[in-house]
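Protein chains: 2
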Amino acid sequence: MLKLNLKKLTQIKAGYIIVFMKAEIIAIGTELLLGDIVNSNASYLSKKLAELGIDVYHHSTVGDNPGRLSSAIKLGLLRSDIVITTGGLGPTVDDVTVSTISKTVGRKLILDITTAKRIKERFRRRHIKLPVNNLRQAYIPQGAVALKNNEGTAPGLFIRLTAEKYLIALPGPPRELAPMFEKEIAGLLKKISGAEYVIKSRFIKITGLPESKVCEKVKDLLKLKPPVTVGIYAKLGEVDLKIMAKAQSQTHAMKAIKPVEKTIHKRLGGYIFGVDNQILEGTVGKILLKNRKTLSIAESCTGGLISSRITDVPGSSKYFKMGLVAYSNQTKEKLLGVPDELLTRYGAVSKEVAIKMARSIRELGGADIGLSTTGIAGPTGATSATRRGGSAKNFGGKTKPVGLVYIALCTGKKTICKKFFFLGDRASIKWQASQAALNLLRVGT
Amino acid sequence: MLKLNLKKLTQIKAGYIIVFMKAEIIAIGTELLLGDIVNSNASYLSKKLAELGIDVYHHSTVGDNPGRLSSAIKLGLLRSDIVITTGGLGPTVDDVTVSTISKTVGRKLILDITTAKRIKERFRRRHIKLPVNNLRQAYIPQGAVALKNNEGTAPGLFIRLTAEKYLIALPGPPRELAPMFEKEIAGLLKKISGAEYVIKSRFIKITGLPESKVCEKVKDLLKLKPPVTVGIYAKLGEVDLKIMAKAQSQTHAMKAIKPVEKTIHKRLGGYIFGVDNQILEGTVGKILLKNRKTLSIAESCTGGLISSRITDVPGSSKYFKMGLVAYSNQTKEKLLGVPDELLTRYGAVSKEVAIKMARSIRELGGADIGLSTTGIAGPTGATSATRRGGSAKNFGGKTKPVGLVYIALCTGKKTICKKFFFLGDRASIKWQASQAALNLLRVGT
Chain A
41 MLKLNLKKLT
51 QIKAGYIIVF
61 MKAEIIAIGT
71 ELLLGDIVNS
81 NASYLSKKLA
91 ELGIDVYHHS
101 TVGDNPGRLS
111 SAIKLGLLRS
121 DIVITTGGLG
131 PTVDDVTVST
141 ISKTVGRKLI
151 LDITTAKRIK
161 ERFRRRHIKL
171 PVNNLRQAYI
181 PQGAVALKNN
191 EGTAPGLFIR
201 LTAEKYLIAL
211 PGPPRELAPM
221 FEKEIAGLLK
231 KISGAEYVIK
241 SRFIKITGLP
251 ESKVCEKVKD
261 LLKLKPPVTV
271 GIYAKLGEVD
281 LKIMAKAQSQ
291 THAMKAIKPV
301 EKTIHKRLGG
311 YIFGVDNQIL
321 EGTVGKILLK
331 NRKTLSIAES
341 CTGGLISSRI
351 TDVPGSSKYF
361 KMGLVAYSNQ
371 TKEKLLGVPD
381 ELLTRYGAVS
391 KEVAIKMARS
401 IRELGGADIG
411 LSTTGIAGPT
421 GATSATRRGG
431 SAKNFGGKTK
441 PVGLVYIALC
451 TGKKTICKKF
461 FFLGDRASIK
471 WQASQAALNL
481 LRVGT
Chain B
41 MLKLNLKKLT
51 QIKAGYIIVF
61 MKAEIIAIGT
71 ELLLGDIVNS
81 NASYLSKKLA
91 ELGIDVYHHS
101 TVGDNPGRLS
111 SAIKLGLLRS
121 DIVITTGGLG
131 PTVDDVTVST
141 ISKTVGRKLI
151 LDITTAKRIK
161 ERFRRRHIKL
171 PVNNLRQAYI
181 PQGAVALKNN
191 EGTAPGLFIR
201 LTAEKYLIAL
211 PGPPRELAPM
221 FEKEIAGLLK
231 KISGAEYVIK
241 SRFIKITGLP
251 ESKVCEKVKD
261 LLKLKPPVTV
271 GIYAKLGEVD
281 LKIMAKAQSQ
291 THAMKAIKPV
301 EKTIHKRLGG
311 YIFGVDNQIL
321 EGTVGKILLK
331 NRKTLSIAES
341 CTGGLISSRI
351 TDVPGSSKYF
361 KMGLVAYSNQ
371 TKEKLLGVPD
381 ELLTRYGAVS
391 KEVAIKMARS
401 IRELGGADIG
411 LSTTGIAGPT
421 GATSATRRGG
431 SAKNFGGKTK
441 PVGLVYIALC
451 TGKKTICKKF
461 FFLGDRASIK
471 WQASQAALNL
481 LRVGT
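Here the protein sequences come in this chain order: A and B.
When we follow my numbering, the leftmost residue of the first sequence carries the number 41, and every step to the right adds one.
When we follow my numbering, the leftmost residue of the second sequence carries the number 41, and every step to the right adds one.
Same shape as in the complex, but just chain A (with noise of 0.2 Å):
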């Protein structure tokens, strides 16, 4: 009944051929479709897949409705080697999926004894009363394999339809579905696939240089094809690279990993703030533990979100001495010291100030190192910007956009002070502030 196709994507190199299985998943659900929750599941399954080996081409999503899942299922077995639905395996009249996979493989439903007892078991042990709605989740699709669901009722369905098409049935809520795929579905698919390789992944993170700059840099390797690609993803305040190698084994997929990542420091070295996980308050935090330098902070427009974003960091305690979030002049004043002659003439926002605030909460703080920003968040910049009322714009002739932030960094031997134009809404300006704060101290301790 179903036309399928068994052209599959070949790739001949140094001698082998490598067979690529094609996956696909749809999720059943109108609450997908209402935007009522996330579809995490596409995600988790397509990172797990991706480590098995496997493509992942398409993600789809329908709701609650046998016929759209059908079309979805048999479109999906037409260009895929592998369908995995998530969802709609509940015990109401809403959950569809069982029936709809029956009729469109034609496979009629049969109970399932292990399953049916096992549900019978989970009921008995809750001292609950077996509704009659859970034991209709025993039948199952004429020589389906019934997958064990440890955390609810509902097994999921594995179905060999032919020597290389494969459909697989998940249940929708993620605690379930995630161990169900780890024990019973990664081990089958392993063997299925015969993937002769692995996917091994490598982020290199970048900040400092714009995402146009950063592709223009390594524009040639964005052009790479496989068994070794990258990609370019750009956040706010971060760009990553990432390197993807697909070979025989996890040493094979780093060694083919490696020159591309060493030409990406070569050109791009003082930019990169760490690989994979790391974030960049950790890299700062290793920092100072290896320099043994201690830090104070002194924030005005970003509020304590270095602070914060430093503390994020287990056992920073050791070099972090203290925050002080000097949102008014009076604070400047009073706690920084900073002279009322210099928040008149130059204004809040300005390099004498900002440099001023670094030195005095590195000496408040008895640290070695003094960091502080001052700059216009938004959305209104002439409140907060200058003092007694001034305007921020055209204070002292020049103007004072709103996203103009001073950085300043004292060592005691030296001090810097950058300037920055950000653009955004108000939390962006601060996150890009505190990401260039970082970076000034990684670069500047």
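Since the list can't tell identical chains apart, any single copy or any two copies may satisfy a pair.
Once the Cα atoms are required to be at most 27 Å apart in a straight line, the calculated DSSO-like pairs of lysine-lysine come out as: (1) Lys306 - Lys286; (2) Lys275 - Lys87; (3) Lys169 - Lys275; (4) Lys275 - Lys157.
Don't read these hints as lab results, they were simulated from the structure.
Since the structure of chain A is already known, use the hints to place chain B on it.
Same frame as chain A, now just chain B:
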């Protein structure tokens, strides 16, 4: 070239015909298929379309691949009236959306002068030289309307293919997509769809009570059937109740929602801090403004997070005087005058120290209200919780586990101190402590 399906789902109801427009969302990006990011745009757009009375029957995701993207767009235009793509509008070679749309709908690319100007201006404002790649983004398919992007360079696209088929392309980053949808698309779609009903949602936001307790109190409401339903959503340190109504107009929907909202208020009154997009720090800010009170904060375990959240609110400089991150005992002694004796006798994580911190920061900042936190954020507790090498566990004969947090509030007239036990990792404990502290401000001032 495109085969158009003009049939629409119609329904005869109460004597008039409701024409439901169908939309579908195509997300573009290999990073989605690799599981590197979650498709939050699909849920955001689905929610917005539901509010406009437009049904969404399909989501799909394809990689940065012109062939598969083109197929997805063709399929989308066959089965839906409005196709919305997200992503692939960036300046890099990976970004194939515009060129693929151009080929798929047979409209050649032309330079959009306004967009080109806007992009140039954007780089000028950031004092950065315009990279060649970015000007590529000013080319759009003939007849398309370029949608203004205030948060990035890539314009969105709005293409009217026929009187009943629309193709819309939006940028991938949520911070660019959301404002573009609100400002440029929502109004247009409302006109096009001419929907005879709307869906209105109302979120009631609760803190200070666990999900199970909230659930108990509204068990009956959670079983309501359309046209008015209630759902429950648990977040970290927050529980939301969503009331949803389908009605002929916003006014009718609000009328249907009101009595349910009233019932929830009756049962959970004091725990409700806001509705819809209101945030706890915003509510706190409003209360402080209304009561003309100013605030200073001394944070230990929360490390600046509370100050950062308070200053996320525009205009917070009107009531926020200063924040102090007193991470070391040295800072607690020197700046907050916490006596050595108190630290030695009770430990830094104690009711006594929390109260002293709140009183001192109130004075130091010259504020009406002083707030403080001290606790063990983990993963280790021994070092940060006590002084001079003493262990957090069995301090003064009592166990002090990770997650123990004291929060104190001092208004001059009264001083409150509350003790909490939070579960989770370092970031979760910090977040829950900041929620509890803001909530103490909300109810205590």
